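Enquirer: Put the two chains together into one complex; each comes in its own frame, and the hints tell you how they fit.
So you can see what is in the structure, the chains are spelled out below.
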Amino acid sequence: MENNELNITWCYPDILNLHGDRGNIMALKRVAELLELKVNINKIENYQDEIDFENTDILFFNAGELKVVEPIVEALKSKKEELDNYIKKGKIIMAIGSTGAVFAQEVMRTDGSIVKGLGYLDMRCIEREYVYGDDLIYRLKDDENMEINGSQIQIIDTLLNDGIELGTLIYGKGNNGEVDKSEGAKYKNLIFTNCLGPVLVKNPWYAEKLIRQAMENKGIKIEKQIDKDEYEIERKSMECIKRFIDKKTSEEKKG
Amino acid sequence: MNIKRIKFLIALYIGKILVFLTRLISKERGTNIPGAYANKIQKDFINGFRGINYDKVIFITGTNGKSTTNNIIVHTLRTAGKTVATNLEGANLIGGIATALIKNSTLTGNMKTECMCFEIDERSFARIYEYLPAKNICITNLQKDQVQRNGEPDYIYQKLKKVINPSMTLYLNNEEPRAKSFEDMGCKVFYYGVEKNETSFEKNDFFDVSLPCPKCNDKIKFNYYNIDNVGNFTCTGCNFKSEEKPNFEIKNINFKTNEFECDGKKYKVPYSQPFFMYNYALCIAICQKFQIPADQIQKAFSTFKNISGRLETIHYGSKEIKYIRIKQENPETLQSAFDYIARDSNPKIFMLGLEQLVDFKPYYTNTFYSFDCNVNKLIESNIERYICFSEAVAYDSANRLIYAGVDKNKISILPTDSDEEILKELDKYDCNNVYLVTWLHKYEELIKDVAKIKKAGGKDGK
Numbered sequence: 003m004e005n006n007e008l009n010i011t012w013c014y015p016d017i018l019n020l021h022g023d024r025g026n027i028m029a030l031k032r033v034a035e036l037l038e039l040k041v042n043i044n045k046i047e048n049y050q051d052e053i054d055f056e057n058t059d060i061l062f063f064n065a066g067e068l069k070v071v072e073p074i075v076e077a078l079k080s081k082k083e084e085l086d087n088y089i090k091k092g093k094i095i096m097a098i099g100s101t102g103a104v105f106a107q108e109v110m111r112t113d114g115s116i117v118k119g120l121g122y123l124d125m126r127c128i129e130r131e132y133v134y135g136d137d138l139i140y141r142l143k144d145d146e147n148m149e150i151n152g153s154q155i156q157i158i159d160t161l162l163n164d165g166i167e168l169g170t171l172i173y174g175k176g177n178n179g180e181v182d183k184s185e186g187a188k189y190k191n192l193i194f195t196n197c198l199g200p201v202l203v204k205n206p207w208y209a210e211k212l213i214r215q216a217m218e219n220k221g222i223k224i225e226k227q228i229d230k231d232e233y234e235i236e237r238k239s240m241e242c243i244k245r246f247i248d249k250k251t252s253e254e255k256k257g
Numbered sequence: 511m512n513i514k515r516i517k518f519l520i521a522l523y524i525g526k527i528l529v530f531l532t533r534l535i536s537k538e539r540g541t542n543i544p545g546a547y548a549n550k551i552q553k554d555f556i557n558g559f560r561g562i563n564y565d566k567v568i569f570i571t572g573t574n575g576k577s578t579t580n581n582i583i584v585h586t587l588r589t590a591g592k593t594v595a596t597n598l599e600g601a602n603l604i605g606g607i608a609t610a611l612i613k614n615s616t617l618t619g620n621m622k623t624e625c626m627c628f629e630i631d632e633r634s635f636a637r638i639y640e641y642l643p644a645k646n647i648c649i650t651n652l653q654k655d656q657v658q659r660n661g662e663p664d665y666i667y668q669k670l671k672k673v674i675n676p677s678m679t680l681y682l683n684n685e686e687p688r689a690k691s692f693e694d695m696g697c698k699v700f701y702y703g704v705e706k707n708e709t710s711f712e713k714n715d716f717f718d719v720s721l722p723c724p725k726c727n728d729k730i731k732f733n734y735y736n737i738d739n740v741g742n743f744t745c746t747g748c749n750f751k752s753e754e755k756p757n758f759e760i761k762n763i764n765f766k767t768n769e770f771e772c773d774g775k776k777y778k779v780p781y782s783q784p785f786f787m788y789n790y791a792l793c794i795a796i797c798q799k800f801q802i803p804a805d806q807i808q809k810a811f812s813t814f815k816n817i818s819g820r821l822e823t824i825h826y827g828s829k830e831i832k833y834i835r836i837k838q839e840n841p842e843t844l845q846s847a848f849d850y851i852a853r854d855s856n857p858k859i860f861m862l863g864l865e866q867l868v869d870f871k872p873y874y875t876n877t878f879y880s881f882d883c884n885v886n887k888l889i890e891s892n893i894e895r896y897i898c899f900s901e902a903v904a905y906d907s908a909n910r911l912i913y914a915g916v917d918k919n920k921i922s923i924l925p926t927d928s929d930e931e932i933l934k935e936l937d938k939y940d941c942n943n944v945y946l947v948t949w950l951h952k953y954e955e956l957i958k959d960v961a962k963i964k965k966a967g968g969k970d971g972k
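Protein chains in written order, with this note's numbering: chain A, 3 to 257; chain B, 511 to 972.
So that you can see chain B by itself, here it is in the shape it has in the complex (with noise of 0.2 Å):
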């Protein structure tokens, strides 16, 4: 046995006890910390792993929809008895794909399970794949995001581009117009896309923008959106446009039975929002490749519960608090929440607390992802007060609400991050459906809080 083998096992070692130990404190921080620890130790550690098939592991990638697309694609596989290790929980960064490997593999570095499919953090992608090189690579979207790092989309785009090889698989989406343009990487492509259907939509507002193409920088033209900044597109400066046959496609589906149709098969779904659409598609695709046939994938569908969701629920009082939870900087999360509350016409309390950057120094406060946003639909629907919160944010906040058009009498901006006083001008309205949009930090900070004041017997607590 060499010495680099020994250094492994030592890591290997090391990092199961850290497994053992972080799950006794808490589930969630043993996603990260032992393979984090075991790559400092051995820079190279996930080289060591033995007895993995490459062509059997799968990389899920882009800005937006990584973590569902993850979770039911594993939650397939595994109904249809495969084993599969992964990084469910979110944690997507080399030291998360590094603890799962550890928790499943033996105490000589062989891996236990058939297959690996991973969400990889974009800035990451180039580090994880020299020593895990997937054959199988899945690019949902390459969108605006955390611009503090990340810049522009063309930052990420360029990172991506220089790891993207021929001995790759590429399933791509069909409609999203940065993600579809790495089939001119020499790799097999595979397309996944959506179908027209009835809750597509046209952007003819003046102010509307869509991008600059990736293959020639002319302007982008979108025949229609199946999701914000996704939809079939023509570039109006080359032939770069969306595939009118993608290998799979969503088509003929049906809203209010949750049921749609791919490949010539029928599905019914749990989850039937526009955007999970296109994690069907490509879950269908992936499970082709694993000959994994339509009623297996039926049943995993009927099974799925999505853990990953971005909708919580506080109750306060007589108040139901709907928290919708947001990416840092990151505007279809942010257009996301927006629709989903337009989507209640019911008279309503609309929260808005954007927030300081505090994730990384320096801090700093960005807002203008939302002059990104429409607010046009959210605005029509029915919502009797706004409340703009955030130490340094909340006017700016505000601002934009002002800017499409809302009666500035109609909004407080409490210029606070203070629960008390958040809460406390929630009081003051009758209205008890209440929408929250916030980073999940403020969230959680707002719920410990609930929490205290109902255990002091405050807002209906015993």
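Here chain A stands alone, though its shape is the one from the complex (with noise of 0.2 Å):
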């Protein structure tokens, strides 16, 4: 492995396959080469299949259907070891949706069972007995000048028990609506977001300080800085939806 090469595992892309999220892999590797890092991304496609943690700089997982969760958790469980080393060392795993579940401590579903997760993020999943769709902008918490902006699909809600959250909300439901405000988690690099859109797509520069990140967790810091046209659509983009979202809350307002 060279220097300047981004190991991006895509994690069980056909069962985690919701939401058009494959974008975030293509997203990924737009960004890395526009820091000119050669990407190499390996898919992990079976639940026995094994994963490369060494070579690993960022484990990715979209979104899935709910009822995947427990294979997904049982198949982790068994490279345990390993993966409590890789988070251990603040290496990049993602999780978006309901697939954060799979990192939560435990999922309650609608019929009372409960699926236990991996227990790395403090937090419990209450399945929702119907699906709430909307626009999602939340603020980093640990970069309060980064803001992402998407939609959410909800069919958990979030409760985290720790303050762990990934972000603050400034529109949508995030991770329980009015409760606590907040959106996704976070714990080391392990990170949840509900956020879709595909939400690297959608926020590139988020996907460019994960690749930051990636590379200076193995010591490499990239010098190469993007142009700032290069985000100019992302940008425009996330401007109308912000105009979209003042003028449908105002006409919500007025009822």
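In short, the hints are calculated from the structure, not lab data. Accuracy of the hints is not assured; some may be wrong.
As the list claims (entries may be wrong) - The calculated lysine-lysine pairs, modelled on PhoX-like cross-linking and capped at a C-alpha distance of 25 Å, are:
| # | chain 1 | residue 1 | chain 2 | residue 2 |
| --- | --- | --- | --- | --- |
| 1 | A | 238 | B | 517 |
| 2 | B | 918 | A | 226 |
| 3 | B | 550 | B | 517 |
| 4 | B | 920 | B | 965 |
| 5 | B | 962 | A | 69 |
What the hints assert, rightly or not - Listed next, the stretches of chain B that the computed footprint assigns to chain A, with coverage defined by at least 3 CB atoms under 8 Å from CB atoms of chain A:
| # | segment |
| --- | --- |
| 6 | 654-660 |
| 7 | 897-909 |
| 8 | 935-941 |
Unchecked claim - With the C-beta cut set under 7 Å, the calculated list includes, among others, these residues of chain B facing chain A:
| # | residue |
| --- | --- |
| 9 | 552 |
| 10 | 664 |
| 11 | 717 |
| 12 | 719 |
| 13 | 720 |
| 14 | 722 |
| 15 | 745 |
| 16 | 748 |
| 17 | 750 |
| 18 | 872 |
| 19 | 873 |
| 20 | 881 |
| 21 | 882 |
| 22 | 885 |
None of these values were measured; they are calculated from a predicted model. C-beta: ideal position from N, C-alpha, C; glycine also.
Expert: Pasting the structure below:
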């Protein structure tokens, strides 16, 4: 492996196949190439397949159906020691949408059954009776200048037990709406967000942040700066979305 | 006569009056309102109809293909001399079903038709079945659709699973994993499908994905596809797979002469798009149940006209704008639209208006389903100019194309819903071959505005 290589492990792409989230992997590739990195993407297709944690810089889990949380938890349990080490080292894992539940303490299903998660994120997920879909904008807790926008299709509500939120809501439901205005969760560099879009397509600045962190984790500081014009479409998109949200919010207030 | 019967008859009469009145105003409006009103008067109104042979009641449900399949089956049954109550106009909620019963019953609530054939909204299936327990259930496919209401395909899958029971006969798509997996519910099952043919394809792009197995949750591998996400499949984790010999399989398709074989008989058909083949297969399966001979099926196919088509044309000056309708938040219909356009290799302008979603509150700006679609064939089909419009999501729509490799400079991005501005942009380009993909309501706005321009004497109006 060369120093300028970014190694992405794309977990269960066919099983976690919702909401066009494969676009997140495309976005990581695009931004990494803008940073003049060579990108290697390794797919983990089946539950029994081995994950090469040592040669992974970003481990990615896209959004999937809630029913697959349990088999994924079981699959990762068999790799727990390596996964523990990976997380302890501060290496990056990203889980989108309901897949965040894999790393939670537990998920309570509508039928009352409980699915135990891996427990890395100190949070509980509760399956909703009805789906909720809306726009979502939040500000990162560890980088207050960075706003993330997208949408969410909420099948689970998430209650955080500790101050581990990834961000603070600007608009939308986030983890649980008005309860604590939190969005997502973060422990070391294990990140969960409800944000769809795909989130890294709509927010390439966040993809860049993750990539820089991933490279720093292996002692490589990227000097290359990306020309601001490269993200012009995404910035203009966010302006349009904000105008749309302002308009709908004021119409809702008028009743 | 008991009170319940009296209440039913009151609801029926009011329903019949509303059918008459709504027909005076608009034919389209009369498809749901009378039944919805009757259901309000009596919750189990549908239960009150008499003379129903449930063995001759057919429900067609699934994400895509319900309307067209319903149209073909009803046309074929009627051509064969059967009387059929139906909801051809697409009113597939409980109000639409009740309206169809009101229209096809006597003043005492006795059904006048021998059979019933309804397309049923997947979400409403359980509620409708409670009052009208059909014995013949057709499941076309269960795919991603309207995520703001449905979330994920498994949400609808579980709802249907609660209702499917051994008293039913199931007609299942052999090449769509979720539909086929209902085979385990203890019902009598008929499989229908389409043989590998010259339009079948494989997906070998690095970013292509399939789906989790509905039985064991491991990866489903498609050996080939006949249409997007439908084709011969095998699960990589269990022994679930397409039947090698489905009961009704369309074979030896000749796309030039529009002919195929099924169950040893030859047919010639008016429409030969690959997705239609599944509709014909299901129709032939249902016809066997009703003992309709092949020559009568052929007679019906020869005269079939697809009233639920999704293609319209707007003439705007020298430009011919071909509009392809897509369903909201439904990647399969968006992919079909892309594939349709890709088959035209002539120079063209492509207009994409994915639009903000305003059917349900909260309104929102989802375009992520466009990343479920493959755009490669589309962008290789000689598109001279792309125009992406929409007040909120024009940039996101454009970005999907850029991710597929389209040069930014070839895309006009219009963050507006103003038809005046959209048409002004279109006027800048000489190419007359134009394709438009957007929601139905946007298309309807556009045809009104084009008509106004023509009325005022512009763009070749008189």
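Enquirer: Hint by hint, note whether the structure agrees.
Expert: Hint by hint, here is what the structure shows:
| no. | hint | result |
| --- | --- | --- |
| 1 | A:238 / B:517 | 58 Å, violated |
| 2 | B:918 / A:226 | 23 Å, holds |
| 3 | B:550 / B:517 | 11 Å, holds |
| 4 | B:920 / B:965 | 32 Å, violated |
| 5 | B:962 / A:69 | 52 Å, violated |
| 6 | 654-660 | holds (count 5) |
| 7 | 897-909 | holds (count 8) |
| 8 | 935-941 | violated (count 0) |
| 9 | 552 | 27 Å, violated |
| 10 | 664 | 4 Å, holds |
| 11 | 717 | 5 Å, holds |
| 12 | 719 | 4 Å, holds |
| 13 | 720 | 4 Å, holds |
| 14 | 722 | 4 Å, holds |
| 15 | 745 | 11 Å, violated |
| 16 | 748 | 12 Å, violated |
| 17 | 750 | 14 Å, violated |
| 18 | 872 | 5 Å, holds |
| 19 | 873 | 5 Å, holds |
| 20 | 881 | 3 Å, holds |
| 21 | 882 | 5 Å, holds |
| 22 | 885 | 12 Å, violated |
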